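Asks: Quick mapping for you: the protein sequence lines, in order, are chains E and V.
Start counting the first sequence at 92; every next residue gets the next number (our numbering).
Start counting the second sequence at -15; every next residue gets the next number (our numbering).
You may find that some hints are simply not true.
[To be verified] Reference excerpt, derived from the structure (chain E facing chain V, CB under 10 Å, subset only): (1) A94; (2) Q97; (3) I98; (4) V99; (5) Q112; (6) I117; (7) T149; (8) Q155; (9) T166; (10) V192; (11) A234; (12) N236; (13) V273; (14) F277; (15) W280; (16) R281.
Note that these hints are calculated values from the structure, not bench results.
Please read all numbers here as calculations on a predicted model, not as lab measurements.
We put the beta carbon where it would ideally sit given N, CA and C, even for glycine.
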Amino acid sequence: MAAMVQIVGYYGGQKQVVTTQRYSTIDQQDPGLDYPNNVPPSGETYYSYWVYTGAEITGGSYSQLSYWRWGTPGTYKQDWGLGSGRVVVALRDHGDNGIPVDQIEAARGIQGLTGYSIKDPVNGISYYKGQTTPLADADTYTAANPLVFDTTVYVPGGATITKCVAHQLEIKPDTTFGEKPVMTNFIKWREI
Amino acid sequence: MPRIGPNLWKMPTMYYWYREYEDGTVEYEFDKTSGRPNLWGTAPDGLVSVGWVPMDYSLSEKISRYGEIGMPPSNALPVCLDVRGVRPEDIVIYRDCSVIRGMQTTCRGCGQTFYIVDPISECPVCGNAVGDVSPAEWDAVEYVVGIRDVIHLKILPDSTLIASRTPFV
Chain E
92 MAAMVQIVGY YGGQKQVVTT QRYSTIDQQD PGLDYPNNVP PSGETYYSYW
142 VYTGAEITGG SYSQLSYWRW GTPGTYKQDW GLGSGRVVVA LRDHGDNGIP
192 VDQIEAARGI QGLTGYSIKD PVNGISYYKG QTTPLADADT YTAANPLVFD
242 TTVYVPGGAT ITKCVAHQLE IKPDTTFGEK PVMTNFIKWR EI
Chain V
-15 MPRIGPNLWK MPTMYYWYRE YEDGTVEYEF DKTSGRPNLW GTAPDGLVSV
35 GWVPMDYSLS EKISRYGEIG MPPSNALPVC LDVRGVRPED IVIYRDCSVI
85 RGMQTTCRGC GQTFYIVDPI SECPVCGNAV GDVSPAEWDA VEYVVGIRDV
135 IHLKILPDST LIASRTPFV
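Could you build all of it, start to finish, from the sequences and the hints given here?
Replies: Okay, here's the thing in structure tokens:
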């Protein structure tokens, strides 16, 4: 017995089935090498646009799906030459760290230059910007220590789209500019 | 294979659950004669044993009629857990499913293709240089059965069995 699941992202606030997702300075799934992330001047921080990643249960037979997790190999900083930059992930003070789909906002920024921090007091994501918990380094979430982003138990006839992980690239003046290699990430869930 | 459409995943069944009652009745995830699937639902009272049974080729063929994907493991044995006296809500049983978005590369020497989590420069089989890396996705399933706060058993895809007193992350 198995459910059918697809990985989804949100662009322009709309759900899209995704395979690869690229950090860039436009609200698109993969603009190729256009709209790159830029290295900021000394003392500043630039950002990619926000990226959302979640899952959708599209059918199949199951009793329940639960405990949705996300993670990385833990080597983004090193493999991408981010210096003191990093890939960050949004957390909540209480409850699930993922963002419910009805709270998702289209990614914003200055196209081609920088996005806004998820926590930007004015332009950040409303669901996260007032939280006291800071953004976390995605490299800390690995197979041995995944980020639990949704603890909802999904049953047949109920909701079918999970909360989403909100993440973005944070670029510092010592970040190395250039095309980066493909990096691994995963989504896990429990199914019976 | 488990990717049944563009970016649409359905995990393969390498093991299927069983549960045995005090009166000797045994229920399986798939009817052994017809292949018809049964849902676990919630754990019922009166169980004495639960666990995972390796898929076999005959049953794999039967369940395919119901849209299920059987993938018999090699060198696998059933994993059975004695749950006599255990409250149904303390029985832990689930498949731990992963979709991994990583990379793939092909060796320029032996032609072997690999899914890779971290970049590699040399083929781990023959030592020749590997070709360009491209994005790739694949899945993995592990099978867990346990008793909350007592024992948790996990079957890895290669049939290795791991035991832990604490829940798996």
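Asks: Does E:A94 pass the interface check with chain V, least Cβ-Cβ distance below 10 Å?
Replies: holds (7 Å)
Asks: Can E:T149 be said to touch chain V, with a Cβ gap under 10 Å?
Replies: holds (7 Å)
Asks: Under 10 Å, Cβ to Cβ, is where E:Q112 needs to be relative to chain V, so tell me if that hint holds or is violated.
Replies: holds (8 Å)
Asks: Tell me if the interface restraint on E:Q97 is satisfied: Cβ within less than 10 Å of some Cβ in chain V.
Replies: holds (5 Å)
Asks: Does the CB of E:T166 sit less than 10 Å away from some CB of chain V?
Replies: At about 7 Å, which falls below the 10 Å cut-off, the nearest Cβ of chain V leaves the hint on E:T166 intact, so it holds.
Asks: Take the shortest C-beta to C-beta distance between E:Q155 and chain V; is it under 10 Å?
Replies: holds (8 Å)
Asks: Less than 10 Å between beta-carbons is the criterion; does E:N236 satisfy it with respect to chain V?
Replies: Since the shortest Cβ distance to chain V is 7 Å, the answer is holds.
Asks: Verify the interface restraint on E:I117: the C-beta must sit less than 10 Å from at least one C-beta of chain V.
Replies: Since chain V brings no Cβ nearer than about 19 Å to E:I117, farther than 10 Å, the hint is violated.
Asks: Does E:R281 pass the interface check with chain V, least Cβ-Cβ distance below 10 Å?
Replies: Hint holds; E:R281 Cβ to chain V Cβ min 4 Å, cut 10 Å.
Asks: Close enough to count: is the Cβ of E:F277 nearer than 10 Å to one in chain V?
Replies: Holds - the Cβ of E:F277 comes within 10 Å of chain V, reaching about 5 Å at its closest.
Asks: For the restraint on E:W280, tell me whether the closest CB of chain V is nearer than 10 Å.
Replies: holds (5 Å)
Asks: Are E:V192 and chain V close enough, Cβ to Cβ, to be under 10 Å, as the hint says?
Replies: Status violated, d = 18 Å.
When held up to the earlier numbered hints, the structure conflicts with 6, 10 and fits the remainder.
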